[in-house]
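4 protein chains.
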Amino acid sequence: MDFAPSERAADLTARVAEFMAEEIAPVEPGYHRDLADLRRSGDPWQPLSVLEELKAKARARGLWNLFLPREHAGDYAVRFGTDGGEGLSNVDYAPLAELMGRSAIAPLVFNCNAPDTGNMEVLLRYGSPEQRREWLEPLLDGRIRSAFTMTEPDVASSDATNMEATAVVDGDEVVVNGRKWWSTGVGHPDCQVLVFMGLTDPEEDRHRRHSMVLVPRHAPGVKVERMLDTMGVHDEPLGHGEVSFTDVRVPVANIISGPGEAFAIAQGRLGPGRVHHCMRLIGLAELALELGCTRALERSAFGKPLANLGGNRERIAEARIAIDQARLLVLHAAWKLDVGGPLNALSEVSQIKVAVPAMAQKVIDMAMQLHGGGGLSSDFPLAGAWTAARALRLADGPDEVHRGVVARLELGKYGAAR
Amino acid sequence: MDFAPSERAADLTARVAEFMAEEIAPVEPGYHRDLADLRRSGDPWQPLSVLEELKAKARARGLWNLFLPREHAGDYAVRFGTDGGEGLSNVDYAPLAELMGRSAIAPLVFNCNAPDTGNMEVLLRYGSPEQRREWLEPLLDGRIRSAFTMTEPDVASSDATNMEATAVVDGDEVVVNGRKWWSTGVGHPDCQVLVFMGLTDPEEDRHRRHSMVLVPRHAPGVKVERMLDTMGVHDEPLGHGEVSFTDVRVPVANIISGPGEAFAIAQGRLGPGRVHHCMRLIGLAELALELGCTRALERSAFGKPLANLGGNRERIAEARIAIDQARLLVLHAAWKLDVGGPLNALSEVSQIKVAVPAMAQKVIDMAMQLHGGGGLSSDFPLAGAWTAARALRLADGPDEVHRGVVARLELGKYGAAR
Amino acid sequence: MDFAPSERAADLTARVAEFMAEEIAPVEPGYHRDLADLRRSGDPWQPLSVLEELKAKARARGLWNLFLPREHAGDYAVRFGTDGGEGLSNVDYAPLAELMGRSAIAPLVFNCNAPDTGNMEVLLRYGSPEQRREWLEPLLDGRIRSAFTMTEPDVASSDATNMEATAVVDGDEVVVNGRKWWSTGVGHPDCQVLVFMGLTDPEEDRHRRHSMVLVPRHAPGVKVERMLDTMGVHDEPLGHGEVSFTDVRVPVANIISGPGEAFAIAQGRLGPGRVHHCMRLIGLAELALELGCTRALERSAFGKPLANLGGNRERIAEARIAIDQARLLVLHAAWKLDVGGPLNALSEVSQIKVAVPAMAQKVIDMAMQLHGGGGLSSDFPLAGAWTAARALRLADGPDEVHRGVVARLELGKYGAAR
Amino acid sequence: MDFAPSERAADLTARVAEFMAEEIAPVEPGYHRDLADLRRSGDPWQPLSVLEELKAKARARGLWNLFLPREHAGDYAVRFGTDGGEGLSNVDYAPLAELMGRSAIAPLVFNCNAPDTGNMEVLLRYGSPEQRREWLEPLLDGRIRSAFTMTEPDVASSDATNMEATAVVDGDEVVVNGRKWWSTGVGHPDCQVLVFMGLTDPEEDRHRRHSMVLVPRHAPGVKVERMLDTMGVHDEPLGHGEVSFTDVRVPVANIISGPGEAFAIAQGRLGPGRVHHCMRLIGLAELALELGCTRALERSAFGKPLANLGGNRERIAEARIAIDQARLLVLHAAWKLDVGGPLNALSEVSQIKVAVPAMAQKVIDMAMQLHGGGGLSSDFPLAGAWTAARALRLADGPDEVHRGVVARLELGKYGAAR
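Residue numbers (UniProt numbering), protein chains in the order written: chain A, 1 to 418; chain B, 1 to 418; chain C, 1 to 418; chain D, 1 to 418.
No lab work stands behind these hints, which were simulated from the structure alone.
Hints may be right or wrong, so weigh each one.
Copies of the same chain look alike in the list, so a pair counts if it fits in one copy or across any two.
[Stated by the list, open to error] List time: in silico SDA-like cross-link candidates among lysine to any residue, alpha-carbon distance up to 20 Å:
id : residue 1 : residue 2
1  : Lys413    : Ala14
2  : Lys304    : Glu134
3  : Lys55     : Pro138
4  : Lys57     : Arg143
5  : Lys413    : Ser300
These numbers were taken from a predicted model, which means no experiment stands behind them.
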């Protein structure tokens, strides 16, 4: 057992941290100010040009597509600029995701943001050569963006078999119909492709009925009905959309891995994606703890620094303990994915999905409280971090469903069916 | 001991509920849609006309200024339309505040919204006849609005003695300087007066140094620097402002109750105000539980209504228990205020300020979780309710300070100094 | 709404408090020392003589059988010495139960201890004149004790319909068979009667199958197999027993209220009993908070009284808030029982059963922590109080079952079946 | 980063598990029954002979003194039978401690129980050759036992500088006076030596005033005043004693590492000891989860296995998550100790001391609840496990003090003094 990072992880961690300090930190406050101005008067969905400049710089330093999974990266890491020319293991990538999580724009800058990373992984693992050429390469290049459309407004989508949208094969076409929401990324003007999940054959076995289809964003019949807010925040320029699909026809070759394969693909897609989400949240929680400690030492009330008042020290200690526990749990889940693949880490991946957002929400809440009214405002990244953590208790499956998975596997050890 | 409401409370509760069902509920969704449209393109700070229409209706039915405290209402209840022509006890008003809390606009409609109610109470109890004529009467009439400016951005304002703004007497004028934030209400175009709290005499005893001054909103030197958001929400049309005061000169007669009286006034002001805030939050929590139960019965996953999945029933039970405990605690605090005044209820008022927002936040969070992604969006009032509950853990004094008050009084029973 | 106690409640509260201070407090430490000695070498099941002396004194002052319910007391309150000659309402008795809860022996001293009170209530409400003469009168007289045998070791007894013990009518006898445990009170040498619950007619409707039978403690076939401990504690001299019943024959007249009535009786029995349990726990929690505050002020570490270290003040405040909320919830449930009977207060009674033991456990835990190692030992009443609170999360129905009841009634408001 | 155990750890884990299954599990229930009988009538402080038999078997298989620290074991591992002839790293020993923790007697059987392990470590690291010959060797041999006497009844011992007991050098003797309690191990008839900590020079620097002295258990002036219980449990045959020292004179050579060195020694002693305690608790928590899952599948209520009722599955999932997080935190702390020694792991060691007992208490509580009344009794190891976990929130420093350490080190990163 060895908790030290590999040399490559340590090197990349140092370089990502340096890039963030030198290139992102100086411009990020201005970025948020400009975005706020656009929200008041202008178009916040039009990405600010600084993003493209930062992307170019990151790519020039090899800090590009670092999420590429070691075992599936092939030569894409060479062709699309990942430092070292090969992908990383989950456990090596994890600390980089943590760092990126500290900034609202870093994931985009390093071409490592959700849902594009997950979609790229799907194409890497399951895409046909044509699908990869058409969609994966421009995504790796950072030229286009993508969305993932699975959740539906009209049913409890925590049970994916509830899905009512359809993807019916009709000759050499697939006909796509239905309504999806919380489709992250559809707000971006560069969004060119939607990974759509729908019912193909209701007669099939419960987990073989659905297909995943690549639907061009501007195909006839695709309509972004509105952009949703999460607690008042629209997360421009990616955003979360409600999208209707009306008799959308795409070639049958747009189905990924063939009809009925959607659940098999989703299974493989979600493990690393959840590790990334969780590590980014851990980065946010660390940032919140830093801000909280700093504030607790700088501000005084009743003649003492806040740090020395009431239960603040104990809460700071609890935050440190909670973050460290959560990070170790995620690293361990990442390692399980590395050594045995998604089926080896079903419980672990659901565990982190439950534990980390709740931890982050609590730590950030504590830091907000130390900031007084300021903690509620946009003057600090805390309110936004809090919203992100809260949303993650629902996104990618609500806590309750993941607890159900963990319990089923636990009770299964004692012979329980489900 | 008798937990039944008085006849007057029962009658008014029924009538307020009826008004809300008949007049407010049908128009509120449209109100929020129109406000959202104004946010995207327009001026959300300009109150929608429906508000004035509703105010007129409420007043016509005597559902106006119901917050007026029994013992201080004098003939204002008669002159300004409160049903029955006299004020209410705290314990009788409490269930009305709970009902109003279920709607984002009802408090305004009934002329019972913060911070105007608190400011009116201050003027009732401590204002001179001139101050009451000039400011209280138009407030009771619903013609103008007001703000309370106490919290400062540059110091930990949870310790009010930290305050750096000044209100210096200079002959027959007071000169006001400083910077305040979280001044609720300054965004409203009808806001005509700011109750300003500042340092007058640093040589005086710690709680006799500050004065409360009535500053006209448009006096030279008063500037609303910006409107703050709480977690992305601006709470138009009232809003929370950052306000600078630069050599603002007002007549010395604008000091309420004389120089050095600010802390004495604040003490008396805050008890009922906190009861109101807490009862409104209880209303929000009840609404959230209702929405949660309804959703839990309507939506199904894994072949069962959500209500029958996992821990949902246990969480619904915990929510019911938590709400009922909180309501009883607030009613008891209101009763203590009624029978013995603010000094009789110091611990109780701080207790509810700690217990209720935390309870509401938890209950609303549970209901959000039952709503899935929808719970995060503006499609339901839950996200806004959550923000309101979270903010109340800081507004009017952070939890930690109120716990300090409760502990001081508790340990004082055993002879502890402080 | 009026939170002030009635005159009678206030008077009795003062007198019970006085009796406890003057008569019980001085001898209780010695009582526990003597009991501990008997545990090491002797027979702790033989009640110490001081108990009978205290009972005589309490009775002489009219502080006897105060639990007698107003609406069922009849002339028993006169004949058996209750002050004022009539029973009390639940809401008037509640503060007396709280006081008694502060002492491990007070409930016995005032003839107000479980399970005798519950059994006496059953006989009062449902007993035949003969049953009352034979069992109720000596119980009211304090001459005998009783036990309630319902829970069974071999099935999950949280679902009472699981019960496997039988009470089969055979001519003019009932034949009782089965094994029960957690039969509180069977350890006492004065225990003369067991209220037994068993299956009579499996063909009947689910809640009409069981009967309640009065079984003399020394009837042939009744055997106390062993006395159980709760976390190492045997609660002598009452204790909790495992009891086997083997072909025990008693007259059919020993069935209370007729065959098949057990559930109907249990329903009525448990409301007030749970109010009593909960109020006693609130007394324990108050005692723990007192001890905690005292210790926090007396002991110092790192140069300060414990009260001023870390989060101790905040925890003391949270304890005060939690106790007050819990007390109000129980008083409200007691009032609901008073005004509408058990069926009017189903949710309320289950609510307190969930909320109060958890609250007490937490508050006592906090006080233990303030006492350091001493808090774990028998030097303070905290460890015993903790055990009592923990046990109450299972006794009289586990938390989970009561949450189920609350949720069922809550969801029922929206039309849910169960 | 690699979470796989070393080969040696894996091998020993398998062999310890096998020994426990083959040798300990079959006799442990009988051991507890016999001990319970001795408690009722007999001398529970006289160890049952089965213990010595098991010790001999364990030693014969090399499963002896496995706690011996790699870097200090020297040739003791060879001479006293540790498999492989050398000590283990903390990270390799950790899973063995977890396994041992599942049994109340295993730590004794493997000669790996507290406080002997800690005392042996002190002698290994800081003892003179004579001290090691006299005390360490018989301890490693399992012939004698020891106690650690630090906590005092009259002061808040969470602040060790509060200590009032004295160890005054008088020529070539040390004179020891004072009163200690919670001296674990003094109840055992083989206890031959007490490691005593007392004040030597009040003029010295705060952390240089105290000495650690080896005091023979039967030296004149040493008196075990009484054996303490934790929540009714005496933990025979080791037990926790209150011990008085009255003018006890021992040679000055009995001071470990010289006068004034007590704090320096304590620092080094406690790191590994806390890892051991925590891993044993994790073993108990795992056992509780196993028992809970088994019970949840075996027992039914309301027509379903408990596992499918209410929130039970979610609680089982939360338990799994909590255990795994806690284990990783401890393993990481053990690794930090291995790679950098105690000063490298101050925060980590305090973190686990806070996190693990609280986790264990919660998980065990959940399992108790699933067991109904049985969970409170001695029929299952849960009640005892619960008591052990609760006690560990105070033993070796209360949670609050450890949170203080973690917070101090955290705030120290931002320049805070203390």
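Checked hints:
In this homomeric assembly, Lys413 and Ala14 come within 20 Å of each other (Cα to Cα) only across copies, at 19 Å, whereas the closest approach inside a single copy is 42 Å. Proximity of Lys304 to Glu134 under the C-alpha cut-off of 20 Å is found in neither arrangement, the shortest distances being 62 Å within a copy and 42 Å between copies. For the homomeric pair Lys55 and Pro138, the shortest alpha-carbon distance inside one copy (14 Å) is at most 20 Å, but the shortest distance between copies (57 Å) is not. In this homomeric assembly, Lys57 and Arg143 come within 20 Å of each other (Cα to Cα) only inside a single copy, at 15 Å, whereas the closest approach across copies is 57 Å.
When the C-alpha separation of Lys413 and Ser300 is checked against a cutoff of 20 Å, the pair qualifies only between copies, where the shortest distance is 19 Å, while the shortest distance within a copy is 53 Å.
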